[in-house]
Amino acid sequence: MINKKLAKIWHGCDYNPDQWLKYPEILEKDITLMKKAGINVVSVGIFSWAVYEKEEGVFTFEWMDKLLDRLYDNQIFAILATPSGARPPWMAQKYPEVLRTSQNRVQNIYGGRHNHCFTSPIYRDKANEINKLLAIRYGNHPAILLWHVSNELGGSCHCPLCQSAFQDFLKQRYKTLENLNDKWWGSFWSHNYTDWTQIESHCDHGETDQHMGNIEWNRFTTNQTIDFLKEECKPLRQFAPNIPITTNLMCPYTPELNLHKLVKELDVIAFDTYPYWHNDKQSDWDIASKVAFENDLYRSLGNGKPFIQMEATPSLPNWHTVNKIKKPGMHILSSLLMVSQGVDSIQYFQWRQGRGSNEKFHGAIVSHEGSENSRVFREIAELSNIFSRLTPVLGSRVTAEVAIIFDWENMWGIDNCKALHSDKKHYAEMCIEHYKSFLKMNIAVNVIDQTYDISKYKLVVAPMLYMLRGNFAEKLEKFVANGGEFVTTYWSGIVDEYDLCFLGGFPGPLRKLLGIWSEEIDTLYDNQYNSFEIKSKDIKFTKKSYQAHTICDIIHTETASVEAVYGADWYKDKPALTKNIYKKGKAWYIASRSEEDFKDDLYTHIAQSLSLKQTINTKMPSGVIIKERTDGENNYIFILNFNDYDVSLKLGISNLKYISGINIKDSKIKLSAYKYSIFQY
Amino acid sequence: MINKKLAKIWHGCDYNPDQWLKYPEILEKDITLMKKAGINVVSVGIFSWAVYEKEEGVFTFEWMDKLLDRLYDNQIFAILATPSGARPPWMAQKYPEVLRTSQNRVQNIYGGRHNHCFTSPIYRDKANEINKLLAIRYGNHPAILLWHVSNELGGSCHCPLCQSAFQDFLKQRYKTLENLNDKWWGSFWSHNYTDWTQIESHCDHGETDQHMGNIEWNRFTTNQTIDFLKEECKPLRQFAPNIPITTNLMCPYTPELNLHKLVKELDVIAFDTYPYWHNDKQSDWDIASKVAFENDLYRSLGNGKPFIQMEATPSLPNWHTVNKIKKPGMHILSSLLMVSQGVDSIQYFQWRQGRGSNEKFHGAIVSHEGSENSRVFREIAELSNIFSRLTPVLGSRVTAEVAIIFDWENMWGIDNCKALHSDKKHYAEMCIEHYKSFLKMNIAVNVIDQTYDISKYKLVVAPMLYMLRGNFAEKLEKFVANGGEFVTTYWSGIVDEYDLCFLGGFPGPLRKLLGIWSEEIDTLYDNQYNSFEIKSKDIKFTKKSYQAHTICDIIHTETASVEAVYGADWYKDKPALTKNIYKKGKAWYIASRSEEDFKDDLYTHIAQSLSLKQTINTKMPSGVIIKERTDGENNYIFILNFNDYDVSLKLGISNLKYISGINIKDSKIKLSAYKYSIFQY
Amino acid sequence: MINKKLAKIWHGCDYNPDQWLKYPEILEKDITLMKKAGINVVSVGIFSWAVYEKEEGVFTFEWMDKLLDRLYDNQIFAILATPSGARPPWMAQKYPEVLRTSQNRVQNIYGGRHNHCFTSPIYRDKANEINKLLAIRYGNHPAILLWHVSNELGGSCHCPLCQSAFQDFLKQRYKTLENLNDKWWGSFWSHNYTDWTQIESHCDHGETDQHMGNIEWNRFTTNQTIDFLKEECKPLRQFAPNIPITTNLMCPYTPELNLHKLVKELDVIAFDTYPYWHNDKQSDWDIASKVAFENDLYRSLGNGKPFIQMEATPSLPNWHTVNKIKKPGMHILSSLLMVSQGVDSIQYFQWRQGRGSNEKFHGAIVSHEGSENSRVFREIAELSNIFSRLTPVLGSRVTAEVAIIFDWENMWGIDNCKALHSDKKHYAEMCIEHYKSFLKMNIAVNVIDQTYDISKYKLVVAPMLYMLRGNFAEKLEKFVANGGEFVTTYWSGIVDEYDLCFLGGFPGPLRKLLGIWSEEIDTLYDNQYNSFEIKSKDIKFTKKSYQAHTICDIIHTETASVEAVYGADWYKDKPALTKNIYKKGKAWYIASRSEEDFKDDLYTHIAQSLSLKQTINTKMPSGVIIKERTDGENNYIFILNFNDYDVSLKLGISNLKYISGINIKDSKIKLSAYKYSIFQY
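Residue numbers (the working numbering), protein chains in the order written: chain L, 31 to 711; chain Z, 31 to 711; chain D, 31 to 711.
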């Protein structure tokens, strides 16, 4: 459990009463309405610095004292934020160094939020000071469940302080400039540095093309963000040691942060999520599969522990291009998807729509109208009721036999490299495409990076494994040698962690494991296609030919068998899918991008041969997600219909104990649009 | 009349002889050609500062003396400009502060035109000095009809002088920072200011999201532009009190200027117009309806007084992406559209194509070829002949029973708000869409904002009345109570003039008047549609169902009746069009965007029930515009065919006195493509 | 011959062993592999400054000594570069003035390459110093065939030093400011300068609209680039007088450089070429015709002397959006196209793929795999074999009776002018469109500008001859008077070399020669079309009507005959194609853009009437290029199939002596996809 003080599914929201201090009647009404809505926890103080510290060193906490007391008196708990996500104007005016500098080397002026330098000693001092005051004052307050450190960490700063910190970071990493010049391939374009101060972060009017510098800048930015986060946590851990710490992560919106590394500072994982439901380009089912991937990633970031949805909209966002209301049912359905994947807390931005400024039209539980008489309020209250029936689920886990590798540093390498189709590298999208095949089969997946232990899995899938870091190639060999199965694709085994190409033939250190050599790699224009022509005898493919597109790796088998070949162009009949039996296991290589059916068929074969556990082993209608949580004894099954039409399922299981949603009839279940069902067995 | 010295329709152009001082043969020929073309007035001196003042304080006016004398000797009158629209290089070099600073805080270097700071004391002094010299020297010159102050006012400056003036403006408006912080909802993102100097204009590397700051910046820019304009006018009013003042407005190209406010400094309204005739996306009829809307706006800006088209091209522009010639007939037709809506003066840019620089290929009456032997010259001369028959029209007015609200501050509010579909807010476009229904019915319309008296109208139409300013809600209530009819749409009654949302339920102060409550508002993606299903019994709709799109307001009736409902999605059967009988009048609410037919049918019903005056009450072929001017005794009817094909009309009126164009035959008239007819009755 | 030391077709590549100094086994293998590949020359030292001069004034040349010796020992020759294309970080750090400043007046920081100011005295000194050392050390080395000065010259710098040099350039050109103000039409927008220091280069936050300033800036940039090039050449010519000089040109990627002027400093022409073969928008045949045009331009730049392809990829580039492999056969085919047009040296970027940084995935002869066992390596070796059979071709020339005018200053004028369709001015594209008709007829063409002697041609084609420079109009008159034939189009004879419009009627000084007057010019939107309706009696057009689009010049004949008229719109039946018999010759005017067939038919007529020499006078299948080189005695015919399918040709010539590729059978030849044939006769 995240915090035993509140042994229920948490249901709550950001709450900003500091915006309403001059509206006492509103503040009074809030508590009454929260109870009606079934809210049991709220996040407070996220952007309150200007209210806490109206002038430098002069602090006002009384309003927060009263707030926390009043909440606790009403058995509503609090997640208390540190306010570093935004700062008062006076601070920026007096100490411009606290503001961020863009890659164009222009220092920002005051404005927005998240506009601070992570290196600035002054900003670190200021944050430390207020965090200490908060920790001392509220460290033992019974209402507080959790620290919410800052907000949506992300971005980077290119100021002189950061440049200097970057140079120190490099010095520590490379020791000598000679080493750095060798690793960065410095003789290319006369780039050998002779003094550390010659190295700066990328910028449009300076260096953009030294890819290793760009990748190291992301490593530095991740480190510097962690370092700032640690500084923020110090007084919290010292003066309020019993309150666990989280922050709300923003994947995929902070590509420069390696979250697999950052999360080590956190006690609990939390995330924000704003999917584009009901858009005109994707089906809700496509969107749901992306959301499910992200949820599995967040759960994996926390090593499987229950985690928190910290922000979502109760109805619609205001910052999308098209701000569309979630259709009735979708809010509950998508919230239950989170819970089904391991979330124990559903929070929103925010409780009540503000009267002014940028986010006043963002959806909230209470609208400008102000009462409980709204569709949105009623849905929230209904979800609270559902959650009250889900208390047994609390703390239960998801177990997975499959790991998909989604590796930030690999993504940086791919994003920086000049090759293939520069607008269609699509690393994350490819990971999600492969993930979807497992989602369809009700097979649980963890999403990890190259630094994790893979020995406990039966199957490891690593699309576009361009950059091999640390001893990952060796780990993979050992994993397969011991009977594991490994699937990878084109554009794998290309560079080491210094973005230096492997010599001697791609896929470099994976060549032996995969039993193939990649001679060249072709890229297709938008209207050009090739195909996979199936040659395999033991794999049950449903079609003889599948579309191949965008990238065609031209490979030669060495020890691998050819399972499919190209159907067109000058490399017709060359291998397009290979399988290599390596000691006790197998290693697969998919040489081109494929249509969805191809991956479904391939992974169905692999799942069957590995006897991967499927939650319910039945043919699912498209658009239905089935997920399972377990505490070892009790298992909880969630069946979720992301279609806007009715579907019928034959479950083929008995002894299911009904918990919530639509019930079973004659071992069949009929789910209308956006409906769900929860059972225990 | 604009100026009794010239009691005719004015027909003229910008004239830049200062570019030709070294070509005396050209200057001589100009006068002869002007007479042949029927030109009776020219605008001079618009960009002549560098010729007047070759070095600081050393002035040369002799060329202008000679020019004005020669013009007057030939009975050609002059509109004399102040030259502040561009400045000599020496001034920018010596006093860089006269140049504008962009929102990125980079001060411009010399170049272009309209590149000056409205706040700069030096620039104000310099403009004052030369204006005074011009006023003293030419204030009594018999050729001069009008001052043309500066040129195409617009843009803004973000220099330190302007920032400081902005802070003073805010101080005067808000008195205390506490008040400003409350109104700007400052606690959001820790934005409470503690010193006026902390507030700066928006910029991409600073603040962009504090919407009230952005809106106030536009209010400030309008004020500062007015203030500069006033400064320019001072010496003119002092030393040349008998010459009226105008400037050429550029709507819709200067969205940051509230023209309803700015025009109070002017004696006469003038405007520039460059429509994209004959393009491949819109019909000429669509373009004409936009032009007609703008003309009605300009006339309304001048309280109905005759006004001036100050710039248009005699043939083609040179700065459009596609610079297309107006087809034969279109120039005369569109000029007559202006006159039909109240214009008494048609001027062009420009007399003669220059030999060099940026605008040398812009159409002019005289081309580089230099003679009168051109199609363009002949059309201008023909139009002069038509104008000579239109002298009786001079000074006559347009009377309107319908007002459309087009409110700049409301537009700023909508443009800044984050909500709905950020690429499709389309406030001005919606005003024009509603306007078009009246254009089709030959019903005159004024285009005003919320500060005007509305009591004299029978119908007020206010699409997307997001921001309610001053006492406009009360004025509307009183207007309807007294028997007026009011139509508004989704996204109305949302915020007050500080962009603070009304609490207690939208449409806020209009809720009682409209008899509805808007609970939520949905936005549709590009390929998503809904429909209006007609429920009304007394309105004669021609169809049972009309397309609804982009925005769907989800409302509840309180006292209103439901005239149409949605046909699809989860709010199927909820109200989409409502009517509220309020005391002696009615208030309509259109909850979604609609296809054109829907508005046509609704407004036909309203026009009939209010017996709105139609110029000619007959079924018009699409693409024909009929307009009327009156001096109380005599009425002038203009029939204009904007189609590229022939149309026939049955007028059903007799006793029309022929003035110009195609004549009536058996009470029918047949207009070929781009042809017109003018009658008196 | 380029250099008699190596009397063969040169086949080679950029070679960067300085990137591999720590990999001695690689360096050793390189020589062996080069011999296998048939490489006989390599370019070295292009970006080696940081390796030569690790700290200021401390030089290391030993690695280059060894390299050149080893190459020569193996009979591989060298093209030695000066290293100014990139500089060491220490230089930029110590002397920031060496870095370039953008038009936004922000000085670059260190990064990339080609990032230097051409004016900086320090950079000139530094380049002079190292060039002198290289010239002294290697001027007599037997391996060296050529100097490769810097790399891909291009770009411009807007720093204060360059501004000052620009002002000096203008002073020298215009003598007085009065003259400059007159020529620049300075009274427009008050732009009369009173001090030379008021004039700056264009910039987005300053001047963009003074077209003559922009054009002069390009003239200045060309001059300054030449001046820097001259400075670089000085020590080379002084200390190594026997080594000819070249640099690798980058048309069309350096539009600001007038190459017709720049090449006067070079002994040999060289160019880089990276076509987008096999894309999804154009056929390979379309791409080949653009490449062929560029080749003919490069040959013309060198007055017909054999020239060098200095860079191309052996397989695929890495910086295109879509990096596609050339299909088997295309590399050899396109290389032979170069040779067929006069190239005697085929070089690539580069020998071996680097391990790191920006270009590590650019195709090379040796891949990261490192051996000769690759498709690419084998194709290079095969091409070496073909070249060994082409030694007799060495030094032979191409003779042309047709000149197409492609004039950089004219392009600058057109690109700057505001008129027509701003996104579709397409000057270079139009030159290529006209060129293609001759390519189809196997008629050789030179591509020259207005400064060349045209008296030796039978036909001069000058599409869009907007700006008439020097005495070109007179030269054309004389040319036609003496029996030459001249073809031009709409938008010709508009301005003089100061971008001042001709007065008295377009096409200005060409009016008498062409016998027409252009009254106005219309521009069509994307979906609007007109047509050419044929009226001619003696020209054999294959169709009666051809599409006209984008631009329609509305002209009147004076002495010309009307050969085609417009088929639509208000200028229907006005002339669209005219022919003027002028003394012994003819002058044609094409008033609108046309479909391809129209130009083909017109030029077929002209070619026949002028008896222009066709290499093989037969009906070619589309997509086949036939080119010829001659040494006066022996003629070499290249037949190249750019289709991806088989074609058959009937040659109708006998006595062809087979050299390489597919052979003739029964005077027929059948070329499969991307195949070629080379004969002598």
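FYI, nobody ran anything at the bench for these hints, they're computed from the structure.
It cannot be assumed that every hint is accurate.
Which copy? The list can't say, so a pair holds if one copy fits it or any two copies do.
Under the rule of at most 35 Å between Cα atoms (straight-line distance), these lysine-lysine pairs were calculated in the DSBU-like manner [to be verified]:
{"no.": "1", "residue 1": "Lys542", "residue 2": "Lys52"}
{"no.": "2", "residue 1": "Lys294", "residue 2": "Lys505"}
{"no.": "3", "residue 1": "Lys508", "residue 2": "Lys573"}
{"no.": "4", "residue 1": "Lys52", "residue 2": "Lys643"}
{"no.": "5", "residue 1": "Lys213", "residue 2": "Lys65"}
{"no.": "6", "residue 1": "Lys486", "residue 2": "Lys311"}
{"no.": "7", "residue 1": "Lys124", "residue 2": "Lys260"}
{"no.": "8", "residue 1": "Lys311", "residue 2": "Lys542"}
{"no.": "9", "residue 1": "Lys488", "residue 2": "Lys162"}
{"no.": "10", "residue 1": "Lys84", "residue 2": "Lys616"}
{"no.": "11", "residue 1": "Lys448", "residue 2": "Lys96"}
{"no.": "12", "residue 1": "Lys680", "residue 2": "Lys291"}
{"no.": "13", "residue 1": "Lys602", "residue 2": "Lys616"}
{"no.": "14", "residue 1": "Lys294", "residue 2": "Lys486"}
{"no.": "15", "residue 1": "Lys505", "residue 2": "Lys486"}
{"no.": "16", "residue 1": "Lys565", "residue 2": "Lys35"}
{"no.": "17", "residue 1": "Lys162", "residue 2": "Lys542"}
{"no.": "18", "residue 1": "Lys508", "residue 2": "Lys213"}
{"no.": "19", "residue 1": "Lys65", "residue 2": "Lys604"}
{"no.": "20", "residue 1": "Lys649", "residue 2": "Lys570"}
{"no.": "21", "residue 1": "Lys205", "residue 2": "Lys311"}
{"no.": "22", "residue 1": "Lys311", "residue 2": "Lys573"}
Hint by hint, here is what the structure shows:
no.: 1; hint: Lys542 to Lys52; result: between (71 Å within a copy, 27 Å between copies)
no.: 2; hint: Lys294 to Lys505; result: within (22 Å within a copy, 62 Å between copies)
no.: 3; hint: Lys508 to Lys573; result: within (34 Å within a copy, 73 Å between copies)
no.: 4; hint: Lys52 to Lys643; result: neither (57 Å within a copy, 52 Å between copies)
no.: 5; hint: Lys213 to Lys65; result: between (60 Å within a copy, 30 Å between copies)
no.: 6; hint: Lys486 to Lys311; result: neither (38 Å within a copy, 49 Å between copies)
no.: 7; hint: Lys124 to Lys260; result: within (25 Å within a copy, 38 Å between copies)
no.: 8; hint: Lys311 to Lys542; result: neither (42 Å within a copy, 40 Å between copies)
no.: 9; hint: Lys488 to Lys162; result: neither (47 Å within a copy, 66 Å between copies)
no.: 10; hint: Lys84 to Lys616; result: neither (64 Å within a copy, 50 Å between copies)
no.: 11; hint: Lys448 to Lys96; result: between (57 Å within a copy, 33 Å between copies)
no.: 12; hint: Lys680 to Lys291; result: neither (43 Å within a copy, 70 Å between copies)
no.: 13; hint: Lys602 to Lys616; result: within (25 Å within a copy, 55 Å between copies)
no.: 14; hint: Lys294 to Lys486; result: within (21 Å within a copy, 71 Å between copies)
no.: 15; hint: Lys505 to Lys486; result: within (12 Å within a copy, 74 Å between copies)
no.: 16; hint: Lys565 to Lys35; result: neither (60 Å within a copy, 56 Å between copies)
no.: 17; hint: Lys162 to Lys542; result: neither (55 Å within a copy, 52 Å between copies)
no.: 18; hint: Lys508 to Lys213; result: within (28 Å within a copy, 65 Å between copies)
no.: 19; hint: Lys65 to Lys604; result: between (66 Å within a copy, 30 Å between copies)
no.: 20; hint: Lys649 to Lys570; result: within (16 Å within a copy, 54 Å between copies)
no.: 21; hint: Lys205 to Lys311; result: neither (50 Å within a copy, 50 Å between copies)
no.: 22; hint: Lys311 to Lys573; result: both (27 Å within a copy, 31 Å between copies)
When held up to the earlier numbered hints, the structure conflicts with 4, 6, 8, 9, 10, 12, 16, 17 and 21 and fits the remainder.
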